[in-house]
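Novice: Listed below, chain by chain, are the residues.
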Amino acid sequence: MILAVAAIAILVTIALALARAFMGPTLYDRILAVNMVGTKTVLLIAVLAVLSGRTEIIDIALIYALINFIGVVAVLKLVEHGNFYASGEED
Amino acid sequence: MILIEMLSWLFIGAGALLGIAGGIGIHRFPDFYSRLHAAGTTDTLCAALFLIGLAMQTGVSVASFKLLLIFAFLFFSSPTASHALANAAMLGNLKPYLDENNADQQP
Amino acid sequence: MIEQHLSLLLVVIPLIAAPVTAMLPGRRLPWLFTLSVTWVCLLLASWQLSVVMNGSVISYELGGWAPPWGIEYRIDAMNALVAFIVAAIAAVTLPYALRSVEKEIPEYQTSLFYAAILLCLVGLLGIVQTGDVFNLFVFLEISSLSSYVLIAMGKQRRALTAAYQYLIMGTIGATFLLIGIGLIYAETGTLNMLDLNQRLQPIMEHRTVHTGFAFIVVGIALKLALFPLHLWLPNAYTYSPSVISVFLAATATKVAVYIMLRMVFTVFSSSLVVLTSYMFLVLGIVGVILPSISAIFQTDAKRLLAYSSIAQISYMVLGMGFASVLGLTATLVHVFNHALMKGALFMAIGAIVYRVGSSRLENFQGLGRQMPWTFSAILIAGLSLIGIPGTAGFISKWYLVLAALEQQSWLITGVILLGSLLAVIYVWKIVEIMFFRPVPETVIEVREAPASLLIPTWVLVSANLFFGFNTELTVDVAGTAVRLLGVTAP
Amino acid sequence: MIDIIFGHYNYWIVVVLMMAGFYTVISRGNLIKKIAGINIFQTSVFLLYISIGYVEKGTAPIIAEGYTVYSNPLPHVLILTAIVVGVATTALGLALVVRIKEAYGTIEEDEIHDQDMSL
Amino acid sequence: MKHNLILRLIAKFLFPVIALFAFYVQFHGDYGPGGGFQAGVILSVAFIFYALVYGLKTTEEILPPHVLRLLASSGVLIYAGTGVVSLLMGENFLDYDPLSSEPAAGQHLGILVIELGVGITVSSVMLMIFYAFAGRGQP
Amino acid sequence: MKYPVKHVISLSVVLFLLWLGLSGHWTPLLVSLGIVSTLLTVYIAHRMDVIDHETYPAHMRLLMFRFWFFLAREIIAANIDVIRRVFKPGKNISPQMIKLPVTMETCLARVIYANSITLTPGTVSVNLEKDSVTVHALSIEGAEELRSGRMARAIPQDYVEE
Amino acid sequence: MIDTLIDITLLAFLVFTAVAIIRMRNLFVIIMLFSLYSLFSAGLFAVMDAADVAFTEAAVGAGISTVLMLGTLALTKNHEEKPPSHLARLPLLVVLVTGGALVYGTYDIPSFGDPASPAQTHVGPYYIQHGKEDTSAPNIVTAVLASYRGYDTLGEVTVIFTAGIGVMLLIGGRLMRKQKRKDQR
Amino acid sequence: MTEAQVLLLVLGLPFIGAVGIVLTRHRPNLREAVTLITASAVCALVLMIYGQFQAGTPFAVDIAEPLPGLLIRFEIEPLGMLFALVAGSLWLITSIYAIGYMRGHHEVNQTSFYAMFAIAIGSTLGAAFAGNLLTLFLCYEILTISTYPLVAHAGTAEARRGARTYIGILLATSIGLQLLAILITYAITGTLDFREGGILADKLDPAWAGLLLALYIFGIGKAAVMPFHRWLPAAMVAPTPVSALLHAVAVVKAGVFTVLKVTIYIFGTDFITQSGANDWIIWFAGATILLASLIAMRQDNLKMRLAYSTVSQLSYIVLGALLATNMSLLGGALHITMHAFAKITLFFAAGAILVAANKTLISDMGGLGRAMPITFGAFLVASLSIIGLPPFGGMWSKWYLGMGAVETGQWLLLTVLMISSLLNIAYLLPIPIRGFFGKTRDGTHYHHITEAPKSCLLAMALTSLACLLLFFYPDPFYQLALSAAGGQ
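Protein chains in written order, with our numbering: chain Z, 1 to 91; chain C, 92 to 198; chain X, 199 to 688; chain Y, 689 to 807; chain H, 808 to 946; chain L, 947 to 1108; chain F, 1109 to 1293; chain E, 1294 to 1781.
Please note: incorrect hints may appear among the correct ones.
[As the list claims (entries may be wrong)] The following residues of chain C were derived to be distant from chain L, with all beta-carbon distances above 12 Å:
| no. | residue |
| --- | --- |
| 1 | Leu94 |
| 2 | Glu96 |
| 3 | Leu98 |
| 4 | Ser99 |
| 5 | Ile115 |
| 6 | Gly116 |
| 7 | His128 |
| 8 | Leu136 |
| 9 | Leu159 |
| 10 | Leu176 |
| 11 | Tyr188 |
[To be verified] If you anchor each label on the Cβ, the simulated ranges turn out as follows:
| no. | chain 1 | residue 1 | chain 2 | residue 2 | range |
| --- | --- | --- | --- | --- | --- |
| 12 | C | Ser152 | Z | Gly24 | 38 to 46 Å |
| 13 | Z | Ala4 | L | Pro1035 | 26 to 34 Å |
| 14 | X | Lys353 | E | Asn1402 | 49 to 57 Å |
| 15 | F | Pro1199 | L | Arg993 | 25 to 33 Å |
| 16 | Z | Gly24 | L | Pro1035 | 42 to 50 Å |
| 17 | X | Leu241 | Y | Glu744 | 36 to 44 Å |
| 18 | Y | Glu744 | X | Pro400 | 55 to 63 Å |
| 19 | F | Gln1237 | X | Trp245 | 46 to 54 Å |
| 20 | E | Asn1402 | X | Glu560 | 17 to 25 Å |
| 21 | E | Leu1504 | F | Val1205 | 42 to 50 Å |
| 22 | L | Arg993 | C | Ser152 | 31 to 39 Å |
| 23 | L | Arg993 | C | Leu182 | 30 to 38 Å |
| 24 | L | Asp995 | X | Lys301 | 40 to 48 Å |
Honestly, the hints are just simulated from the structure, not real lab data.
The C-beta atom is built at its ideal place from N, Cα and C for all residues, glycine as well.
If we strip away everything but chain Z, and leave its shape as in the complex, we get:
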């Protein structure tokens, strides 16, 4: 029961974040919103796993938490350096 409520709440949050991702206005707002959607989806999957009782699914949440973070890092690296090869040693 509470899990259903939780799931709905997460969906609402995702919807709000998604709206921000669509509206912008700046690139950073979108990145922020996408990141937020990512985190919330991790939670959603975790809730789903507990809800269905198949806890194997939690692995998916775990992997997504990892990947989402790295995705954001990649985006930021690109925004900052404009490439992927820079080592950042120069300063």
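Given the coordinates of chain Z, work out where chains C, X, Y, H, L, F and E should sit on it, guided by the hints.
Specialist: Chains C, X, Y, H, L, F and E in isolation, oriented as in the chain Z frame:
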């Protein structure tokens, strides 16, 4: 047992509220930097509450270990991401909306 | 004991060889290795063909799981024939590749290039051998991906856009195929071709089956470069390295024809075929004439041949459209013969590119006298393309027209003959420029192509002549294959 | 009628998604966007497959105590393979885009076309 | 991004965890979701993460491209080799039954080995592709 | 760079425990695979040069509890504050950009400081430099709170050797 | 019930994201939205009990594909798509026809989740009934992937290998020249 | 040697000769020796075969079976023997002529000329000996293609244009119409063998017979029935020996030969007459005879005039075939021989004039005969033979054709033949007359012009002598034609 169940409900319920509040926050606040607060910060606590609540439901098992692992992971990565994002925005010359009443503003 | 595994080894040997090739250093070593692998494949394919020629069927259960739970290799005369074509073309192309690749591909890429060729071969052979529709999709993608890369290795920058265009179109085609397979799967719950056939029979009227069929046909048609969906082909063949033009032109579309036959006649084999046959006939008619006309106006030899390929594919489609024993025999025979003639033509053009550095017709002036062997190869293969008697092309035209006459469709008979006439024009365009235009003053002496390019070319040219007289292999095997397809309509 | 809607809404939305992806591929001139479109198209097809394999009140096909109804594992396997194929295609397509950009200086289809024509 | 202190530290901390998680996914494919392919992707993502933070050059020194090429090939060979082994043992290609004394155990072993092959190929190819993209245009 | 063996061992142990926790199947095969995996991971980490005291403080004492507790309380309080601001009608925030001095010696401590600032709602560290950190605060109160240095003092400095 | 709700909501998110991707012109944003699209699909896969697929989609769609697209973007340095010069009527027609065909085709498809559909009664159940004892792997997806249809997976590995070779041939010159120098030394 | 081996040898010799010619390309004398030796050998072999064939030895050989039940088969029958005799003997003579001509005219690329020439003759012989329609068609197409480089020999834009028309019309008609007809025949009857009395007789609805026959007649473009005759004048850009041998003998005769074969062995004379298949096509032949003659009269270029004359003469043979009586067929078959010898002489003469005087226009030839009496004498002889006046061979064929027309009661056709003969006189005789008795345009005399090279003269003399001889001794050809036409 019922206590843990109740506690878990409480945690999850609080997490849900927090999440929605964060979602509204990123619409209410006027500029990127302030939205960052709403999103990034509520993220951490919201996730923590959810995951702990869920872990209570599953009891001591591999699943709860994994849930806590997710929590630990988010705990480290989330602020890092927020910081990196703010950092990038600043380097990208995104001017923050600042309260003009305050003369104290720097850079 | 090993005999039962030979059909499998035909695919697995190049598959194992590909990563090994990728690790070999230098120029000669990868080539030598690839060459021996293709020859082994040819041996295996010939063996396989000789076994199933009499109408028997080889079935091989991969992983030891019985179909429909496991994947099955199911080889009858049609698979064996197409596999033989593919293996044979590969075996002939590889000796040709050495000099040509040396000139067109930098050394440090050589081993990967040969690995990609092997992968393409693996994909094509895998498609042909399998009896499972999804396995077919996987191997289709192997061959497609490697051919995108191989095409992009052409020297001009347009090779890149050509490959990109092909990639987009090919992926759309593959995705359509995937949708089709999915819909059919939803209706039957199986992926094995024979099983599908049986389980589809009672539900042929389902709309889902119709749609699945349509998507499969459109998907394959994209790979096949069936007339309105052919846009990727001219660029892809024009700008790819010579070896790749030869290999792809002679094999890739042939395998697509095979898939079409297999899907339409083995998997569906029913009232739906009637529907498609009209479509095939209409598209075939248009597809013979319009691309042939386009071919006439091309100024680049490879491009001209590419348009001609589209027209030739339309002949095969016409044969399918008749859905009769004669028509399908014609299609299969033409699959074989067209591989021979287009292979020879692209090889000869490649030899010219090797010497002159361009495939634009304006640079071909007077080459006929300087490169007489190359020129005669173009001439003979061109005659085969037209369908002059004594060449392999004549045999396929013969059966095709007979099939048309059998159904009293005078229009199609006329179209086929008109297509030959148009072929006369575009083939003659090359011949005339090469032989009867004087060599421009500015051009320095051009020597005849090296023997390593000429010998494979002439192997194919001789095959064109041989199969124009001896049709035991082609027609008989095609006949057996068609019989096994279970086509009973006249 | 209502049965059909409830039994098929999933497929229909998936169809809409496919169309969105397909439209992006064939109507847009930007090469990267085309690749993104292809990915959307393919992902939607994956959804179609998984929908086919779904069973009401079922669970993931990992055999465990206490469960008897499992969803069909076969579509899952097929889609795993298809995802891999998809990422392979994406990688190749993007590599081509990089090369095209280097060769032409643009990744807009019509500009590339203009350059080819002006030769 | 190395100058970004926070990220650098977090990366140091996270990399072994992600890598271990990848191995976990690799070897638990027959119990839960995952398997060679997913593990390969995660492992390559771990390296990509490292490369993003510490620079491509450092990463290439740790895992040179030619080693990756070797690994990519060997993964395919492991997979196909397993099939060849079953051939040599008199069964059909990729039939793992004879790999052990009893069929089910043989199957288990076979699955483990081929998943390893998948994982090796996938991770090395993915990383190779990343190297190719990231390093393009490097001065 | 040479680093103490104890770092390697501590990392191995942590990772192996992690494996056992994730796995849940403690069969000989999987445990031995776990050992292999751990060793492989440590080897890669060794090659990457990421094993040092910063990341795997074998000596990290559990006395950090005090800090964790402090942080948790701060986070909760700040969350409530942000939620209040979200729902408060009209002009609800007065964003500030301030620069704070950073006095900590070690990198680890500085990172913990910066991350703690970020974790606490209402303030985000925007730029961490050698001796200062730029912070964006949602409100004047938040900025003042940071200026007071309460947070900086709470960062445990003492567990870092060398 | 809650499953259905999540299912529908995620599908709706997917539709919104897809439409946004079509309409957006900043490639950066498109790529990020694409990663969201992948993420939602992964969620849907999880809802529809396809754990392995969800896992893979999360790793690939949101991870590798996104990183690769970003890498391409970094190299092409072209962040704004040109606005379409005219309304694409022909593509629209093609798409509508295709979509129409699909909707037509799904009319006869067994209902969503129907346990009596052919797909659930013919080959699939065999794996569930025999998979575990045949291969001693409780995860049937892995059993099918690696054993029953192991040959497909060999093909899949080959596909990946092909992609690797392809990318090296296309843009890996830097990596291979280094290798070449080492060979010569 | 068995009969089959002999047959293979005679068919293969020209191709072997072609290879020999290519191999000896750097030494012109040797090359031409090879040509001559091959030509003599072929001529001798053909004569030998003729001897044995008359003695009743059957010659047949199967090469391959490209299509089930359809062989590549060579077999000798009277009509083919007749054609082979003409082609074989005239190749030798033409070779002699060509050596003189090519050297005298300083042509380029002589090697390919001789080689293609040999191949063309080889395929002509193949067509003559073809044992079924498929084989005939095969040789027919090889002939078309191998003569293309000969036509385009000069390589000038004009030559290329002419050659393009040549190959275009020939290939288009053969693929578009003839192949179709063959396929229809096969689809109906299941065979393509040449059989006495035809194979279509009971199988084809008589109503369609006319259409199929039309496909054949027009499809055999080499027979040059209008409106598909344009290639023949276009091919006149070729060197004269080519025009002589190929466009007076090999190519065009291969066309009409095929027409005869089709009417006799595929349709069967009875079937043609009974079904009325020939009702309207015959008028195309008639019209061609008259129209081509009329056009010929208006040509000033000598070779063009001869070309249109050939078009007209070919339709005699087509007419003979289509009348489908014993007499007309006999006439048609004989005309192959008679016209060949006469027309080749005319072309030889035209070539000789070109080499010696470098003149192509008839209007420039006034008085030239006095400078080149032998050439113009030969021309006169051949013209008379073509017109059909005794004592020249051409009389016989015209006689039998006329008889055929009378036999069927086609008086109108007889009239056509008569008018045509008059037209022949009108366009051929003025040339020698002008040559001998006319004046040069500017009144000068040809001091610097002498006769053509000796080998040319020799060749001309031989062929004109043959024209004369054939009147008195037409027996070998007559016998063959008679047995082909079905009477004994």
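Novice: Against each hint, give a clear statement of whether it holds in the structure.
Specialist: Hints, verified against the model:
Listed as a non-interface residue, leucine 94 of chain C keeps its Cβ farther than 12 Å from every Cβ of chain L; the least gap is roughly 21 Å. With a closest Cβ-Cβ approach of about 22 Å to chain L, glutamate 96 of chain C is found to remain outside the 12 Å limit, as its non-interface label requires. Interface exclusion of leucine 98 of chain C from chain L stands, the closest Cβ pair being 16 Å apart, more than 12 Å. The claim that serine 99 of chain C lies off the interface holds: its Cβ sits roughly 18 Å from the closest Cβ of chain L, which is beyond the 12 Å cut-off.
Distance check on isoleucine 115 of chain C: its Cβ comes as close as 6 Å (rounded) to a Cβ of chain L, failing to clear the 12 Å threshold; non-interface status is violated. At the 12 Å boundary, the C-beta of glycine 116 of chain C falls inside the reach of chain L, the nearest C-beta of that chain being 4 Å off. Some Cβ of chain L comes within 12 Å of the Cβ of histidine 128 of chain C; the nearest lies about 5 Å off, and the non-interface call is violated. Interface exclusion of leucine 136 of chain C from chain L breaks down, the closest Cβ pair being 5 Å apart, not more than 12 Å.
Taking the minimum C-beta to C-beta distance to chain L, about 9 Å, the non-interface status of leucine 159 of chain C is violated against the 12 Å cut. Not every CB of chain L lies more than 12 Å from the CB of leucine 176 of chain C, the least distance being 9 Å, so the non-interface label is violated. Not every CB of chain L lies more than 12 Å from the CB of tyrosine 188 of chain C, the least distance being 6 Å, so the non-interface label is violated. Take serine 152 of chain C and glycine 24 of chain Z: their Cβ atoms lie about 43 Å apart, and the range 38 to 46 Å holds.
Evaluation of the 26 to 34 Å hint for alanine 4 of chain Z and proline 1035 of chain L yields a pass: the beta carbon distance comes to about 31 Å. One distance hint, 49 to 57 Å for the beta-carbon pair lysine 353 of chain X and asparagine 1402 of chain E, is violated here, with the actual separation near 35 Å. A C-beta distance of roughly 50 Å is found between proline 1199 of chain F and arginine 993 of chain L, which places it outside the suggested range of 25 to 33 Å. Checking the proposed 42 to 50 Å range against glycine 24 of chain Z and proline 1035 of chain L shows it is violated: the Cβ atoms sit about 24 Å from each other.
Our hint of 36 to 44 Å for leucine 241 of chain X and glutamate 744 of chain Y is violated, since their Cβ atoms are close to 53 Å apart. The given range of 55 to 63 Å is broken by glutamate 744 of chain Y and proline 400 of chain X, whose C-beta atoms sit roughly 25 Å from each other. Restraint check, glutamine 1237 of chain F to tryptophan 245 of chain X: a C-beta distance of roughly 39 Å breaks the suggested window 46 to 54 Å. Hint check: asparagine 1402 of chain E to glutamate 560 of chain X, Cβ distance near 23 Å, so the stated range 17 to 25 Å holds.
Separation of leucine 1504 of chain E from valine 1205 of chain F is about 43 Å and conforms to the stated range, judged on CB atoms against 42 to 50 Å. For arginine 993 of chain L paired with serine 152 of chain C, a C-beta distance near 35 Å keeps the hint of 31 to 39 Å intact. Restraint check, arginine 993 of chain L to leucine 182 of chain C: a C-beta distance of roughly 31 Å satisfies the suggested window 30 to 38 Å. For the hinted restraint 40 to 48 Å between aspartate 995 of chain L and lysine 301 of chain X, the CB-CB distance of approximately 46 Å keeps it satisfied.
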